[in-house]
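**Student:** Chain by chain, the residues:
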Amino acid sequence: MSHPEPESPRDLAAAYALGALAPEDARRFEAFLAGSPETQREVAEYRDVAALLALGGGEAAPSDDLRQRVLARVAETKGVPRRPPRARGRAALWVALAASLTAVLGLGLNLRSAQGELRDLRELLADTQGRLAAREATLNAIFEPGVQMYQLTATGDPEPGIQLFYDRQRERAIIHGFRLREVPEGRAYQLWFIRDGKPVPSVTFKPEADGHARVEQIPVPTGGDLSAAAVTIEPESGSTQPTMPIKLVGPLKRS
Amino acid sequence: MTAVPAAAACERLAVAYRLWAMPSSPPHSSLADRDLVAGAAGGDERAMAGLYDRYGQVLYAVAYRIVGERADAEEVVLEAFAQAWRDAPRFEAARGSVAGWLTMIARSRALDLVRARSRRDRITTAAASARPDAPLAMGEVRPDPSAGMDHSERRREVRQALEALSAPQRQAIELAYYEGLSQSEIAERLQEPLGTIKTRIRLGMQKLRDALRPFYFEPGP
Numbered sequence: 000m001s002h003p004e005p006e007s008p009r010d011l012a013a014a015y016a017l018g019a020l021a022p023e024d025a026r027r028f029e030a031f032l033a034g035s036p037e038t039q040r041e042v043a044e045y046r047d048v049a050a051l052l053a054l055g056g057g058e059a060a061p062s063d064d065l066r067q068r069v070l071a072r073v074a075e076t077k078g079v080p081r082r083p084p085r086a087r088g089r090a091a092l093w094v095a096l097a098a099s100l101t102a103v104l105g106l107g108l109n110l111r112s113a114q115g116e117l118r119d120l121r122e123l124l125a126d127t128q129g130r131l132a133a134r135e136a137t138l139n140a141i142f143e144p145g146v147q148m149y150q151l152t153a154t155g156d157p158e159p160g161i162q163l164f165y166d167r168q169r170e171r172a173i174i175h176g177f178r179l180r181e182v183p184e185g186r187a188y189q190l191w192f193i194r195d196g197k198p199v200p201s202v203t204f205k206p207e208a209d210g211h212a213r214v215e216q217i218p219v220p221t222g223g224d225l226s227a228a229a230v231t232i233e234p235e236s237g238s239t240q241p242t243m244p245i246k247l248v249g250p251l252k253r254s
Numbered sequence: 000m001t002a003v004p005a006a007a008a009c010e011r012l013a014v015a016y017r018l019w020a021m022p023s024s025p026p027h028s029s030l031a032d033r034d035l036v037a038g039a040a041g042g043d044e045r046a047m048a049g050l051y052d053r054y055g056q057v058l059y060a061v062a063y064r065i066v067g068e069r070a071d072a073e074e075v076v077l078e079a080f081a082q083a084w085r086d087a088p089r090f091e092a093a094r095g096s097v098a099g100w101l102t103m104i105a106r107s108r109a110l111d112l113v114r115a116r117s118r119r120d121r122i123t124t125a126a127a128s129a130r131p132d133a134p135l136a137m138g139e140v141r142p143d144p145s146a147g148m149d150h151s152e153r154r155r156e157v158r159q160a161l162e163a164l165s166a167p168q169r170q171a172i173e174l175a176y177y178e179g180l181s182q183s184e185i186a187e188r189l190q191e192p193l194g195t196i197k198t199r200i201r202l203g204m205q206k207l208r209d210a211l212r213p214f215y216f217e218p219g220p
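Which chain is which? The protein sequence lines are W and F, in order.
All residue numbers for the first sequence refer to numbering that gives the first Met the number 0, where the first residue is 0 and numbers rise by one.
All residue numbers for the second sequence refer to numbering that gives the first Met the number 0, where the first residue is 0 and numbers rise by one.
These are computed hints drawn from the structure, not numbers from a lab.
Glycine residues also receive a C-beta, built at the ideal position from the N, C-alpha and C atoms.
Honestly, I wouldn't trust all of these hints.
To be verified - Cβ pair distances, simulated, as ranges:
#, chain 1, residue 1, chain 2, residue 2, range
1, W, 240, F, 115, 50 to 60 Å
2, W, 144, F, 155, 34 to 44 Å
3, F, 115, W, 196, 51 to 61 Å
4, W, 150, F, 155, 43 to 53 Å
Claimed, not checked - Example chain F residues on the side facing chain W (calculated, C-beta under 7 Å, incomplete):
#, residue
5, 60
6, 99
7, 189
8, 204
9, 209
10, 210
11, 211
Using the sequences plus the hints, can you model the full thing?
**Tutor:** Right, here's the structure in full:
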């Protein structure tokens, strides 16, 4: 990425609200945004502007039954099974569903099998939605105002890294590791906070097969001078003192 | 009534107030948007009905403008409200309005759908003129008698604000919002310097903000 001329991050507020920043630019802007309540208000206002843009495109209207379908989808998402219609507006939905199932039978498929598949798909959908919700919750936590990101680095090929998102207000941290090598059986990575020059033990974790790792809601030790964070490989149950050389390390200085 | 600036300002404020207090289905008509989201977060499905009554048409308009097909646009609206329902507990009023939150969800879902059409041609202005069900350009009007009247004043203001932009500013904003292009991608497509595109978007959005501030869907916190 290159910019032909220097610009203030605030100049990007409109483009960000419009969704016009490239992913890398958006991440950088969000890092700035986290520490700028004024820019947060500006982005919020530009989002209001963006919300209005749709009204400039004519007056196309959705189907009359869309409201009912939305509410049905909401109920499905909640996981509450809908009962056959008693309310007038739901009749069409259930009639349509019944017609669809009848058609399935007409095609010679087994209804039980279709219902089983539907149940499997719903479970898959719920699982996927749960994962997405968890990921979004992580993103929200990362973008909380005042949250700062620190890099824990190391040498190696490929070069592993850990991003540590430190929420000083809540005294919590999230770590996201990448390109982490597998650890031997019975071993795990362990995070350490360096307070007053001494290591304070924190969580242990293992990377996924793709080298990624994510740990949330990590308590950060309070009091004293928190100067750095580091990662070593320790027994799976964790250690009270580092027993192995430091694998990754990075400063936690307040910017 | 004498057309003095103060009177005009009062009238504008009155219109803005009326729009903020848009009617919706009972029992949620008197609740603020944030209250509805809080209700949804607490598991009240009627709160979602209230949100749909206020923003269903707006989300449909966003989706339809991006995906260009009625059935797809309605599916986007379904997905968007389902996501809003799931995400309601995490909605933070300090980060923006409910309208902005909902429309960004719908826009993202719509762009996802368009991107998923890997084998279909991208929606183009040329296609729009040949296809009756095609999306409209911003500022273009296709009257639909079935459309609700709640947003008619606001529509007029939005159109006037868009018409007040220069054509290049409007085009840059349109490409970003409706096609999901980054500033760099817009610069590449239009064969213009990146700095020019950035300036167009920034100035265009500033103009829209100044013109539309009284017509936001809800007052700021």
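**Student:** Which numbered hints does this structure break?
**Tutor:** 7, 9, 10
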